[in-house]
Structures are given as structure tokens and as C-alpha cells.
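Residues per chain, in single letters:
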Amino acid sequence: MAEMITLEVMRYRPEQETEPTFQRYEVPFHEDWVVLDALNYIKDRLDGSLSYRWSCRMGVCGSCGMMVNGEPQLTCATFLSHYLPGPIRVEPLRYFPIMRDLVIDMTDFMAKLQSVKPWIIPSQEKPLSQGEYLQTPEELDVYKQFSMCINCMLCYAACPVYGLDPQFIGPAAIALAQRYNLDSRDQGTSQRLDMLSQHEGIWGCTFVGECSKVCPKEVDPAGAIQQYKLTATKEWFKAFLMPWSAK
Amino acid sequence: MNEIPAYTASHPRWYRPRVSTYWWLWQWAYLKFILRELSSVCVAYFVVLILLHLRALSHGPETYAAFQAWLKTPHVIALNGVSLLFVLFHTITWFNLAPRAMAVRLRGKRVPDLLIAGSNYFAWLVVSVAVAWLILRG
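Chains G and R, in that order, give the protein sequences. FYI, the numbering for the first sequence is 1 to 247, going by our numbering. FYI, the numbering for the second sequence is 1001 to 1138, going by our numbering.
Hints are not guaranteed to be accurate.
[Stated by the list, open to error] Facing chain G, according to a computed beta carbon distance under 7 Å, are these residues of chain R, among others:
{"id": "1", "residue": "Arg1013"}
{"id": "2", "residue": "Tyr1015"}
{"id": "3", "residue": "Arg1016"}
{"id": "4", "residue": "Val1019"}
{"id": "5", "residue": "Phe1033"}
{"id": "6", "residue": "Arg1100"}
{"id": "7", "residue": "Ala1101"}
{"id": "8", "residue": "Ala1103"}
It should be emphasised that the hints constitute simulated quantities derived from the structure, not laboratory data. Backbone N, C-alpha and C fix where the C-beta goes; we use that ideal spot for every residue, glycine too.
With the rest of the complex left out, here is chain R (with noise of 0.2 Å):
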């Protein structure tokens, strides 16, 4: 749109109310997509641990132990719990919502969205035991 819509010249007086900076702590629903879109953060996070375990890894068993060392100090532990809550939180939210981005049509009908949602739930699952047997089998 080329015209500010907010301003119309010709009705000086209508009255435009102010969206608040604090409009999403006014109602849940609001509160919920805000706290969604911080949980990124979280997963950010831990891709930088991750690759900090890496960097760890490559400069020998010492720097490695020293990290693990680091890894179970209290407030590390809290960390990772917490940053572990928000990208559940993360993940079932963009899974229960991806029947709404995937119109997946079979035969000319769509297919139901619990469908859709358990496929993301299934392969989640599926990955989630390779990686553990991966890790665990050792």
C-alpha cells in the first residue's frame, strides 16, 4: 500500500487509539506467541552448544573433560533445563501448527490435520531414537 492509512486528511478527528508496547501480556493467547517467538533463542542456544562440544571435542581429552566439568556446574544445569522447557514449548507449538501450513490433498481430499501433526510427532520420535541409540549404544 502506498498511502499511510493512519492519516486521512480529511477526518482530522478521528480518534486513533495507540497499540501499547505491553500488548501481549494483555491476553494468554498473545503471551503464548511471545513466549514462542523468544524460545528461538533457546534453540539457538543449544546449536551454539553443540558446537562448542565440537570445538571442545577438536583441541583434546582435557579441554573436552574441562567442558563436560563445565556442563554439570548448577547454574549450567539450570540453564539447559530451563532453555529444554522452551524448545519443547518450541516444538509442539510449530508441530500443532503445521496442519495449518500443509494443505496436503490425497485423492482430492485434504488430509486431516492429526494426521499431518502425527507425522511431525512420528518422525520427531523416530529421530529422537536414533540419536539416543547412537548416543547410548557405546
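Next up, chain G with everything else stripped away, as it sits in the complex (with noise of 0.2 Å):
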């Protein structure tokens, strides 16, 4: 017989209970499955009622994000043989309402994705005669890490201050809005400002580096914040000491 595996899977079913409940499965060990095997076995042998989201299987999608044994893993990337002789606990993402097992609500996510203007606003519009915005490989350098991210939220199960205040706009958001403002291409730093510079923008953060510590795709969105909160800081002081200099 193959060696086996124990995984305590999160259940949430909220038609049947009030609480969630952990729910155990022997799957076969191999030395070459991630977690998400393990899961997609069970949801095709065992129980085709356990939920969960994935879709690329190769760490580009963001979909499988979860808690692994306590911690924000893709679970695409985690493979068995890293927690032997087992069990593994699995878990939805950490300080997201859960719609069904490991399944959680990421409409909040989204909100705030959005909320900080993430696409490139130009002070003036170029006509397409004149063609591309051209850009030196020197200007992409700056911002290219924080376009890196992938959405998988990791980074917010890695937050206590998103946890304990969910208005906090949280690392990821932070970090995009960063990426478009340092792009040589764009001038809507201001228009960020309002949203970044509140309480729960960039002034949440306490800098406790988890977020930057689980990101799988090294963003750095701790990093994006401090660089922040140090631009705003410099903005601030110019403002108060040359006012005829505010723009």
C-alpha cells in the first residue's frame, strides 16, 4: 500500500452549520504533489463536496491561496513532503469572511484594488500620431517589482492590522498603487494621495514585514509602504516649509 498522508481540511457549510469544522483525509504521499493535489484528490475520490478555488496549478493565477499549517501559502507551490510525517492542517485564508470551506469573500479585496486608481493616468492625453509612451529600461526597473503581484492575497492573511481593521487598505493595494506611481508614464500620484495618505492608507501600517515575508512573487509590499510613507513625509515637510512651492 502507498504511503499515506493526513490533511484537516476546513468545512463550512453554511446551509448545515453555524461554525466551521475540520474534516480529516488520508491521500496518498507523493514525493511530487503540493498541497492542491492533495485537494484536487480529495474533491475526485473522496469528497466531491469540499470547495476550494484554483486554476494554473504553476503559481501565476493567485487562485489557491490558503492557510497551510498556519501559514499564507499557495497552495500550487507548497508541496507534502515539506510537512512530513503530517498532519496538514488546511485553512481559508486568514481575516476573509468564508463563503464555503476554503473558499473566502474577496469583494473587500477588490474595493480596495480599485479604490487606489490602479492604472496609468497621464496629465494629458498624447494623440495616437505621436505614438508609444516610451520608457528606458532604467524607468521600468523602478516600479517593475511592485507590477509583480498576482492578486493571491497572501499578503493580507500575513496582516494583523487588516485583521484587527478592515478598513485598512491593506499591502497589496498599497503596493499596485505604488507600482503606478513611481511609472514614468504617470502623473496621478496626487489623485492617489487622498485615498493612500488617510488612516488607513499608508499611516495603518505598523510594519510588521509579514506581507512581505509571504508573497510568493517577492513584491516587497512592506517595503512599498515605508517608501511611501517616507514620499509623503518629504511631500509634507516641503509643503510646510516652501508653501509657494506646492504645485
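Fit the two chains together into the complex; they arrive one by one in their own frames, and the hints show the way.
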């Protein structure tokens, strides 16, 4: 008989129960299996009623983020062998409302992403005849790191500030705002400042730093927030000391 | 954000876990963060201690001698020792985090993290040597 490993999966069936429970499943252990493979095995062979999100299976789509043994992880990139001999506890992403089993509600996250205007806002649109908005490799390098986000929400599940104050805009949305602020083709920084400079924006962050540690794409949202704090402070002092220079 | 995201009227059955008051006890990373935040109290304590030093100095030699005698009592030495550890913890953790907040770019390239943190440590060393020289030269 093949070697087996136990998964303790959180179940929440709102039509049957008021609180989540854990269900144990025995799945075959394979060296090359990730936690998502084990969940797919459960869904296909053991219990078709288990609900969870996944899509690409290769760390690009950002759908399969879950808590694995208490840590936010992309389950498609988390090997079973890392947790030997088990059991492995799989829960939905922390701090989000749970819709069913491992599926969380991301409405709040989507609204926050939109609130920081994550698109290029040029001061003046160029006519098509003038061609593309050109950018040098150095200009690309300034924001590239922050553009690698796949919206997997692991950073929100690692952020106690978001857990304690759901109004906090959160790591990914602020990093995305910074991605556009730093883009040489964008002049929308002042439009984003209103949202980012409020208490629920950058100043809500206490620099726990866990968001950057769990990020599977090394976006470093904590760095983005601190850098933005520095910029906002410099701007404030400039406006305070030299009010005539304000744009 | 204007709406309170925790409440969605159309989905009253979604489960909303509560965050425990002791969330920071679960993981070493969170506990370290709370200790780093608490260490600010020790930084403030040393500032108050310096102010008390100056106050005793301004009140004349006798008051200053009494203040120094108080500083030599075992419980004050213990308190200062623990505070020093916390202040060192505070300094080291912040210097290590400094490169994340300071994205300095030179000739189009980002200055390596080690150099940013290293310059902070170097400045710390220079200031410490200068202070030690001021105190110990006489």
C-alpha cells in the first residue's frame, strides 16, 4: 500500500452549520505532490462536496492561496513533503469572510484595489499619431518589482493590521498604487494621495513586515508602504516649509 | 473605504472569524514585532533618565551624588540592563529594516540592502565612539 498522509481540511457548510469544523482525509503521499494535488485528490476520489479555488497550478493566477499549517501559502507551490509526517492543516485565508469550506469572499479586496486607481493616469493624453509612451529599462526597473503582484491575497492573510481593522487598504493595494506612482508615464500620484495618506492608507501600517515574507512573487509590499511613507513625509515638509512651491 | 467590509447584508451566513486579542502570541514573527514596538518604552525611559541626570546636575553636587548612588542600587542596575537589551533589540531590528524603507538609487541602480543597513551601523559606531570619547577623555 502506498504511503499516506493526513490532511485536516476546514469545512464550512453555511446551510448545515454555524461554525467551521475540521475534516480529516487520508491521501496518498507522493514526493512531487503539492497541497493542491492532495485537495484535487480529495475532490475527485473522496469527497466531491469540498469547495476551494484554483486555476493555473503554476503560481501565476493567484487563486489557490490558503492557510497551510497556519501560514499563508499558494497551495500549488507548497509540497506535501515539507510537512512530513503530517497531519497538514488546510484552512481558508485568514481575516476574510468564509463563504464555504476554503472559499473566501474577496469583494472587499477587489474594492480596495480599485480605490487606489491602479492604472496609468497621464497629465495629458497624447494623440495616437505621436506613437507609444516610451520608457527606458531604468525607468521600468524603478517599479517592476511592485508590478509582479498576482493578487493572491496572501499578504492580507499575513497582516494583523488588516485582521484588526478591516478598513485598512492593505499591502497589495498600496504596493499596486506605488507601482503606478513610480511609473514614468504616470502623473496620477496626487489623485492617489487622498486615499493613501488617510489613516486607513499607509499610516495604518505598523511595519510588521510579514506581508513581504509570505509574498510568492517577492513584491515587498511592506517596503512599498514604508517608501511611500517617506515620500509623503517629505512632501508634507516641503509644503510646510515652502508653501509657495506647492503645485 | 466608506462601507464596513465586515458586514454584507445579502450574505448573512458567511462566517466571519474573530481575531483573538492574543494573536501576537501564536507566531514568533508577530511576538518579535510586538517586542520591537514595546521596546520604544525603553527608548523613552533612557531619554527620561538623561533628563533626570541633567536635573540632578542643575541642583548641585549633593543632589547629583545622591542620584548616582540611586543609579548604583541593584534594582536600578537590573532595570537599566533589561532596558539596554531592549534598546539594542530596537536599534538592530530597525537598522535591519531600514533598506526596505530607503530605496536609494545611484546611477539607475538600487543601492544594495547591505550598504544601506551597513551605513546605519557605521553611523551608530561613529556616534558611539564620539560619545565614549567625550565621556572618557577626562
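These are the hints, each one checked on the structure:
For Arg1013(R), the shortest C-beta to C-beta distance to chain G is roughly 4 Å, which falls under 7 Å, so the interface hint holds. This hint holds: Tyr1015(R) has a C-beta 4 Å from the nearest C-beta of chain G, less than the 7 Å allowed. For Arg1016(R), the interface hint holds, the least distance from its beta-carbon to any beta-carbon of chain G being 5 Å, beneath 7 Å. Evaluation of the Val1019(R) hint against chain G yields a held restraint, the C-beta minimum of about 4 Å falling below 7 Å.
Hint status for Phe1033(R) relative to chain G: holds, with the closest Cβ pair at about 5 Å, below 7 Å. The beta carbon of Arg1100(R) is positioned within 7 Å of a beta carbon in chain G (closest approach about 4 Å), and the interface hint is therefore held. Hint status for Ala1101(R) relative to chain G: holds, with the closest Cβ pair at about 3 Å, below 7 Å. Of the supplied interface hints, the one on Ala1103(R) holds, with its beta-carbon coming within about 5 Å of a beta-carbon of chain G, less than 7 Å.
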